[in-house]
Amino acid sequence: MRLLGVELTRLRWRRACLVLLVASFVVPALIWAGTVWGTRPYSDAEVQRATEQAQAQPGFAQELRRCERKPEQFFPPEEVPDDQADVSEQCRTLVTSWWSGQFRQPLDLRRELEGSGTGIAIVVAGLMMLLGATFVGADWASGSMSNQLLFEPRRLRVYAAKAGAVVVTGLLLGLVVATAWWLGLAGVARARDLTIAGGTAGDVGWQVVRGALLAAAAGLAGLVTTMLFRSTVATLGILFAVVVAGSFLIAVLPFESPERWLPHLNVLAWIGDGAVYYTETPQTCVDDGTGMVCSGERVLEARTAAAYLLSGLGLVGAASLGSFRRRDIP
Amino acid sequence: MSSTATADLVIETRGLRKEFSGRRGTRVAVQDLDLAVPRGGVHGFLGPNGSGKTTTIRMLLGLARATRGDMALFGTPVPAGLPGVIDRVGAVVEMPKFLPHFTGRQNLTILARSKGIAAERVDAAVDTVGLRGRDGDRYRAYSLGMKQRLAIAATLLKDPQLLILDEPTNGLDPAGIREIRETIRTLGEAGVTVLLSSHILAEVQQVCTSATIIGNGRLLASGRVEDLLGASTSYRIVVDDPDAARRALGGGPYAVSGDGDGATSLRVETDVPPAEITRTLGEAGVWLSELTSVRPDLETVFLELTSQDTLGSTTADGGVHA
Chain A
1 MRLLGVELTR
11 LRWRRACLVL
21 LVASFVVPAL
31 IWAGTVWGTR
41 PYSDAEVQRA
51 TEQAQAQPGF
61 AQELRRCERK
71 PEQFFPPEEV
81 PDDQADVSEQ
91 CRTLVTSWWS
101 GQFRQPLDLR
111 RELEGSGTGI
121 AIVVAGLMML
131 LGATFVGADW
141 ASGSMSNQLL
151 FEPRRLRVYA
161 AKAGAVVVTG
171 LLLGLVVATA
181 WWLGLAGVAR
191 ARDLTIAGGT
201 AGDVGWQVVR
211 GALLAAAAGL
221 AGLVTTMLFR
231 STVATLGILF
241 AVVVAGSFLI
251 AVLPFESPER
261 WLPHLNVLAW
271 IGDGAVYYTE
281 TPQTCVDDGT
291 GMVCSGERVL
301 EARTAAAYLL
311 SGLGLVGAAS
321 LGSFRRRDIP
Chain B
1001 MSSTATADLV
1011 IETRGLRKEF
1021 SGRRGTRVAV
1031 QDLDLAVPRG
1041 GVHGFLGPNG
1051 SGKTTTIRML
1061 LGLARATRGD
1071 MALFGTPVPA
1081 GLPGVIDRVG
1091 AVVEMPKFLP
1101 HFTGRQNLTI
1111 LARSKGIAAE
1121 RVDAAVDTVG
1131 LRGRDGDRYR
1141 AYSLGMKQRL
1151 AIAATLLKDP
1161 QLLILDEPTN
1171 GLDPAGIREI
1181 RETIRTLGEA
1191 GVTVLLSSHI
1201 LAEVQQVCTS
1211 ATIIGNGRLL
1221 ASGRVEDLLG
1231 ASTSYRIVVD
1241 DPDAARRALG
1251 GGPYAVSGDG
1261 DGATSLRVET
1271 DVPPAEITRT
1281 LGEAGVWLSE
1291 LTSVRPDLET
1301 VFLELTSQDT
1311 LGSTTADGGV
1321 HA
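Chains as they are written, first to last, in the numbering used here: chain A, 1 to 330; chain B, 1001 to 1322.
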């Protein structure tokens, strides 16, 4: 525990780590502000002005008549009203929103789960990966690793303390940032008198937990890779290679469904509790009335993605730990 | 080595070997080195660049893995037993290595906390090496001399019984060198065993009680400094009449030759004490202006030993390449 405390202090005193920690708050805050701004409700004056401008345009009346004549082409079958007056009213609202450019969606926490919520989890994880890499990268670059081992020669303990510091930081940071982010968004929804769909809170809670675990794992991945290659630059190069060359390689390999092995799809599947991907072999076929329509759609489950990501982390981690225990320290 | 390690030796190695493998083959940095450093005093560890001094030190401290051989610190086999003895060992290996963006104090504090050492010891170490007032500066802003001082301060945090110093006066100004020399001497006199690796042989001769000289990873000589220098058997004398002096000292236990420094100067090789030379010359009516004991210094011994050793590094199969 003492070594863990020392490593947490070292992390807190490292300027590059501090910058990344601050960025982990600032970037989600900017995304939050963007989400809040992008879903702000229209004012009455805005609606009035836009409606007048839309209805004054030459094609508006023609479009409205088309909708009133064939509402089934404009609405899903279950949303087409029986009463013609209601059809006219609904068509007017729809066509006005199209012609007035009022496409801004109101804030919907459930939709944000797959949108900006996933985004901040990935941003925090990315920053944590950099933090894990630069945290131990400085030890190797400065040569101070040997100094540390002159005080604590048990390499396993030193390694565990460093990894522990990054994991603890990742977990705490992921939890705090995501919780604050969602609480802030829920507060905005409440202030706007928006209804939050049932079950949303539970789903958000699970995404916060998954995001925190991802942040911790990403930090650990940055650390173990840097401990293996003993250089932050090498780690960044490998990350770049995995993202660019790895995706290309997986795409050209003769897998049945190469997309399933892409790291970023697995990350999305973990955060989003599953992700859709497509295979060349059709999975289901349905008759839509015009003929058989086949789809290669498949779902990558979160636990499968977690197993894939943890396997990768485990392999690199084992190599890294073995290397640190056996190789000479410069 | 636990059953055979000698209790009064602070450092002991037997058959120590270190090979480095690379694209150009295997290079032997240390080969079959037997090192014995007795408890107490200052022990010099000498050798030309690339002779294996630092590699040996790094193996002793667990930073490098020995290819073969046994090592012990305080009679405890290392590296297995290193956790049990590391608190008694302070070391500066090669250049000081600290985190550049941390202040000197932060670097020391982190190391101290890793061993549960009180903050007061950080203050004391800073004071001892004369860094008070600059300990709040970032390490990267330090001069080389200040970095060396900080490295020595780090070794003092643990109150060590064995201090391993690899070129500790690198980058220090003359006053700094003198301070460090005095610190080393004081520590040695206080019972701390100091292993001092240095290129400055005059410095080593001034402070060391014993020394080991290695070349190409092999032991060339080891023992008390006095023994390494050998008993003084050569004297330079200056007389008014060199011919009379040659006649007086001719035969018997004396071998006389010209000194080359001048017509009145002679070199006398003998086992008898200098008082006997004086008496013999006096009885012959030859009066001495000067009698100087001509002793080889450590530098001379070092150069003689290392020049006899083949230059170049040795391959794993025992061959030598330049």
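Treat the hints as calculated values from the structure; they're not laboratory data. Take these hints with a grain of salt, some might be off.
Said to hold, decoys possible - So the derived list for chain B, only partly shown, Cβ under 8 Å to chain A, looks like this:
1. Gly1062
2. Arg1065
3. Gly1069
4. Pro1083
5. Arg1113
Claimed, not checked - Which stretches of chain A does chain B cover? Using the computed rule of at least three CB atoms under 8 Å from a CB of chain B, they are:
6. 1–13
7. 132–144
For every residue, glycine included, the Cβ atom is placed at its ideal position computed from N, Cα and C.
Does arginine 1113 (chain B) hold up as a contact with chain A if the rule is Cβ-Cβ below 8 Å? Result: holds, 5 Å to nearest chain A Cβ.
Tell me if proline 1083 (chain B) is really an interface residue toward chain A, meaning its C-beta lies closer than 8 Å to one of theirs. holds (5 Å)
With 8 Å as the cut and Cβ atoms as the points, is glycine 1062 (chain B) at the interface with chain A? This hint holds: glycine 1062 (chain B) lies near chain A, its Cβ roughly 5 Å from the closest one there, short of 8 Å.
Supplied contact hint for glycine 1069 (chain B), tested at 8 Å Cβ to chain A: violated (15 Å)
Under the criterion of a CB-CB separation shorter than 8 Å, is arginine 1065 (chain B) in contact with chain A as hinted? With a minimum Cβ separation of about 6 Å from chain A (threshold 8 Å), the hint on arginine 1065 (chain B) holds.
Please check whether the stretch 132–144 of chain A has three or more residues whose CB lies within less than 8 Å of a CB on chain B. Coverage by chain B holds for the stretch 132–144 of chain A (5 residues, Cβ < 8 Å).
Proximity test - 8 Å, beta-carbon atoms, the stretch 1–13 of chain A to chain B, at least three hits: holds (count 7)
Consistency note: the structure conflicts with earlier hint 3 alone.
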